[in-house]
Amino acid sequence: MDMPTPSAAVLNKKAHIVRRLAKVLPIESVISEENETRAYECDALTAYRCLPMIAVLPETTKQVSDILRICHEEGVPVVPRGSGTSLAGGAMPTADCVILGVAKLNDVLETDYDNRLIRVQSGRTNLSVSGAVEEDGFFYAPDPSSQLACAIAGNIGMNSGGAHCLKYGVTTNNLMGVTMVMMDGEIVEIGGGHLDSPGLDLLGLICGSEGQLGVVTEATLRILSKPVGARPVLIAFDENEVAGACVADIIKSGVLPVAMEFMDRLCIETSENFSNAGYPDAEALLIVEVEGSELEIEEQLTKIIAIAQKHNPIELRESKSEEESAKIWLGRKSAFGAIGQISDYMCLDGTIPVSELPYVLKRIGEISDEYGLRVGNVFHAGDGNMHPLILFDANKPGDLENCEKMGAEILRLCVEVGGCLTGEHGVGVEKRDLMFDQYSEQDIEAQLKVKDVFDPKWLLNGAKVFPLISTQDRRAA
Amino acid sequence: MISPSSEVELSELLLDSSEPIRIIGGGTRQNLGNNVQSKKNISTSKLTGITLLEPAALTLVVRSGTPLAVVKKSLDEVNQQLPFEPMDHCDLLGSSGYSTIGGVVACNISGSRRIQTGACRDSLIGVRFVDGMGAIIKNGGRVMKNVTGYDLVKLMAGSYGTLGVMTELSFKLLPKPEATATIILHGLNDEEGVAALCKALGSPNDVSGAAHFNNETLIRIEGFTGSISYRTETLKKLFSKYEISVVTDTKKNKELWNSIGNVSTFSKTETSIWRLSVKPTSGPKIMDTLLKSGIKAEALYDWGGGLIYLSVPDNINIRDHLFGMQGHITLVRGNGGGAKVMPLKNNLITEIEEGLRNKFDPRKILNVGIMG
Numbered sequence: 001m002d003m004p005t006p007s008a009a010v011l012n013k014k015a016h017i018v019r020r021l022a023k024v025l026p027i028e029s030v031i032s033e034e035n036e037t038r039a040y041e042c043d044a045l046t047a048y049r050c051l052p053m054i055a056v057l058p059e060t061t062k063q064v065s066d067i068l069r070i071c072h073e074e075g076v077p078v079v080p081r082g083s084g085t086s087l088a089g090g091a092m093p094t095a096d097c098v099i100l101g102v103a104k105l106n107d108v109l110e111t112d113y114d115n116r117l118i119r120v121q122s123g124r125t126n127l128s129v130s131g132a133v134e135e136d137g138f139f140y141a142p143d144p145s146s147q148l149a150c151a152i153a154g155n156i157g158m159n160s161g162g163a164h165c166l167k168y169g170v171t172t173n174n175l176m177g178v179t180m181v182m183m184d185g186e187i188v189e190i191g192g193g194h195l196d197s198p199g200l201d202l203l204g205l206i207c208g209s210e211g212q213l214g215v216v217t218e219a220t221l222r223i224l225s226k227p228v229g230a231r232p233v234l235i236a237f238d239e240n241e242v243a244g245a246c247v248a249d250i251i252k253s254g255v256l257p258v259a260m261e262f263m264d265r266l267c268i269e270t271s272e273n274f275s276n277a278g279y280p281d282a283e284a285l286l287i288v289e290v291e292g293s294e295l296e297i298e299e300q301l302t303k304i305i306a307i308a309q310k311h312n313p314i315e316l317r318e319s320k321s322e323e324e325s326a327k328i329w330l331g332r333k334s335a336f337g338a339i340g341q342i343s344d345y346m347c348l349d350g351t352i353p354v355s356e357l358p359y360v361l362k363r364i365g366e367i368s369d370e371y372g373l374r375v376g377n378v379f380h381a382g383d384g385n386m387h388p389l390i391l392f393d394a395n396k397p398g399d400l401e402n403c404e405k406m407g408a409e410i411l412r413l414c415v416e417v418g419g420c421l422t423g424e425h426g427v428g429v430e431k432r433d434l435m436f437d438q439y440s441e442q443d444i445e446a447q448l449k450v451k452d453v454f455d456p457k458w459l460l461n462g463a464k465v466f467p468l469i470s471t472q473d474r475r476a477a
Numbered sequence: 478m479i480s481p482s483s484e485v486e487l488s489e490l491l492l493d494s495s496e497p498i499r500i501i502g503g504g505t506r507q508n509l510g511n512n513v514q515s516k517k518n519i520s521t522s523k524l525t526g527i528t529l530l531e532p533a534a535l536t537l538v539v540r541s542g543t544p545l546a547v548v549k550k551s552l553d554e555v556n557q558q559l560p561f562e563p564m565d566h567c568d569l570l571g572s573s574g575y576s577t578i579g580g581v582v583a584c585n586i587s588g589s590r591r592i593q594t595g596a597c598r599d600s601l602i603g604v605r606f607v608d609g610m611g612a613i614i615k616n617g618g619r620v621m622k623n624v625t626g627y628d629l630v631k632l633m634a635g636s637y638g639t640l641g642v643m644t645e646l647s648f649k650l651l652p653k654p655e656a657t658a659t660i661i662l663h664g665l666n667d668e669e670g671v672a673a674l675c676k677a678l679g680s681p682n683d684v685s686g687a688a689h690f691n692n693e694t695l696i697r698i699e700g701f702t703g704s705i706s707y708r709t710e711t712l713k714k715l716f717s718k719y720e721i722s723v724v725t726d727t728k729k730n731k732e733l734w735n736s737i738g739n740v741s742t743f744s745k746t747e748t749s750i751w752r753l754s755v756k757p758t759s760g761p762k763i764m765d766t767l768l769k770s771g772i773k774a775e776a777l778y779d780w781g782g783g784l785i786y787l788s789v790p791d792n793i794n795i796r797d798h799l800f801g802m803q804g805h806i807t808l809v810r811g812n813g814g815g816a817k818v819m820p821l822k823n824n825l826i827t828e829i830e831e832g833l834r835n836k837f838d839p840r841k842i843l844n845v846g847i848m849g
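Those protein sequences? They're chains S and R, same order as listed. Taking this note's numbering, I'd label the letters of the first sequence as residues 1 to 477. Taking this note's numbering, I'd label the letters of the second sequence as residues 478 to 849.
Hints are computed from structural coordinates only; laboratory data are not their basis. Check the hints yourself; a few may be wrong.
If you want the ones that stay clear, here's a sample from chain S, every Cβ over 10 Å from chain R, calculated [stated by the list, open to error]:
no.: 1; residue: M3
no.: 2; residue: A44
no.: 3; residue: R69
no.: 4; residue: D114
no.: 5; residue: G192
no.: 6; residue: L203
no.: 7; residue: G208
no.: 8; residue: D249
no.: 9; residue: V255
no.: 10; residue: N273
no.: 11; residue: G340
no.: 12; residue: V354
no.: 13; residue: A408
no.: 14; residue: E424
no.: 15; residue: M435
no.: 16; residue: D443
According to the in silico footprint, chain S covers these stretches of chain R (three or more CB under 8 Å from chain S) [said to hold, decoys possible]:
no.: 17; segment: 616–624
no.: 18; segment: 753–763
no.: 19; segment: 799–807
A virtual CB, placed ideally from N, CA and C, is assigned to each residue, including glycine.
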């Protein structure tokens, strides 16, 4: 992984920078010893690591502002970090950077049920946002798989999705406002409890900007009333194409399931061996979940089952109880872990138009044969967000590189059929070099210009998102 | 008026322009926003047509000059719809012409369903535009989950043409509901009405419209027939202490919510119309402040109370009376003594917005000043 050459000038004044940071932060919040900074050398993209120069853990927005002002004055690159669960290397350090972790900023600042919002500090974990309101019958909708650990700051950085976005949207559709610190230390409030903000939609621009435009310290989030209940149906097919056609017919019929998950044979078998969920022997499996009262669930499931029957499923299992629902979900929820038990894997995140599903699955099979690496497919079928899992052996020389090449080919395929490189994980360092496969030079230039406005010195997470070659002049300036 | 017939033609035209330009769609919203001093008008009227409609993927891709009526008709045929229910400004502004999908996006026009499915910008998943220097730029695409690079799609929605001329737009669609019901609570004052809307929206009934006007409080639900009758009963129980009537007829519901979304009630008044975006619960308080100041104001609340259309006699600047209010006020029609759109009183945000406009339109030629 190419990363910019660390600045010797910055590294040489490490002691000076530590002293300045220690003046504005509690002593335990400034981490500069190698044995301690090691905790921040990577995120969930563990294949790539780099020790940061310093890590800081501020407790207030004011401290974040002080840190950024100092780094701005000293010309030190800053990499913001939520909980470090990024699969794309969004929080991967450079050797001359200050890692700014928001983990200590984890308070709930306000809950307002009448106006259906919650205001939290950005280091709070996704699940604990829902946790703060669930006793009162509310929840926060975006539900990335890492929701137990991932921070709202990272969710905003990557515009995270989850299994339930077909109905509830992703982070950007549920974010109402932020308090953000600019790279020069200025604090800005954008949006809030009202729905329409004046001027340009800066909130929409910040969400998904991978920590390159500012450091979000507080967020106002939309909360929703929890549905009365939810129930899945499991539908198994002996062909991927048929499963794909069934997904299309369900959507066309006017039913809007809250989740529609797809697993292929490798994932079905591996999950079954791992979790004993009772999955059938099949080529493709769909889990379709609907929400509402008992009567509403029944009404929707009846329609879904009628559609599925037309596609001659080899098995169709409607959950009749909480236990059965949990069992249907068990295999899907443990799919990544199950694959992880049998092999190292790389998880891709391309999105495709749903109609291209059969073709893309067929091509992935061919690419898999060509590279000699197995692929398991598990994904959100309703919105076309695929998660091909490429199996490789990290101990075998050349296997990781081969796997990355193969991953790139699959992502190019996603773009070719009208989709994109990443649906919910973000570009980070991982997919940086594929950006020109999706965007023209002018498209990229338009995005770089946006960063120029927010962070003219290109100090904030500047080695991410865009191919290094396209940003080197700006970073060097 | 110049009407380029392709993106490339538009690009050449903008590259060669150095004088201020006004961008025109179908002309129905020309009076939204501040006046634009321009020497040249560019129309999107020849950039038309649906390029992709894929019902199984809930996706529409359409050129910006396409009339909204054409879009709606095509979606009707596949039993789908634009989720955000854009309002028609003709009645309120007394304008003629036809609304275009590009105009809807440029002004981020969202109707009553916004509280459930989000604004126009939330359904917009891809955009192609030509910036002030003639560069053709695309962002997003045709898939609903896409975090590849910065989200310029959101930035373009509601930018009133100040960053570029949009040429093609992609949307996430939703199925049309099989049934609709509106539960009307009678006799509630503004405070009680908004409190009832908050209660309905905070219940698990998936409310898709929540408005209050003239002592009537309207709660809309949409979905499958069985579900609608179930939720109607649930909501009736929730509000059993009020006098209730229910509208179930599809056509009547459509008319009812069109009249709310289009603010028809104020279309013929000789007053100024202000639009306020606020926290729902603060709406009635704002109204109270105005009435206590002796201003003869009438309010239509939508979005559960979070969107207020105020009818106020001309020549009264309500901003003077709502100093320190959290939210956002614009003058939609009439004379309020001052600009229709005021920039936010935050220097840093103004600086960022100016910075962005300077990057995309460095010669300052596109719809200059329209957003304040």
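Results for each hint:
no., hint, in the structure
1, M3, "holds, 19 Å"
2, A44, "holds, 16 Å"
3, R69, "holds, 14 Å"
4, D114, "violated, 4 Å"
5, G192, "violated, 6 Å"
6, L203, "violated, 8 Å"
7, G208, "violated, 5 Å"
8, D249, "violated, 8 Å"
9, V255, "violated, 8 Å"
10, N273, "holds, 30 Å"
11, G340, "holds, 24 Å"
12, V354, "violated, 4 Å"
13, A408, "holds, 14 Å"
14, E424, "violated, 6 Å"
15, M435, "violated, 7 Å"
16, D443, "violated, 6 Å"
17, 616–624, "holds (count 8)"
18, 753–763, "holds (count 5)"
19, 799–807, "holds (count 4)"
When held up to the earlier numbered hints, the structure conflicts with 4, 5, 6, 7, 8, 9, 12, 14, 15, 16 and fits the remainder.
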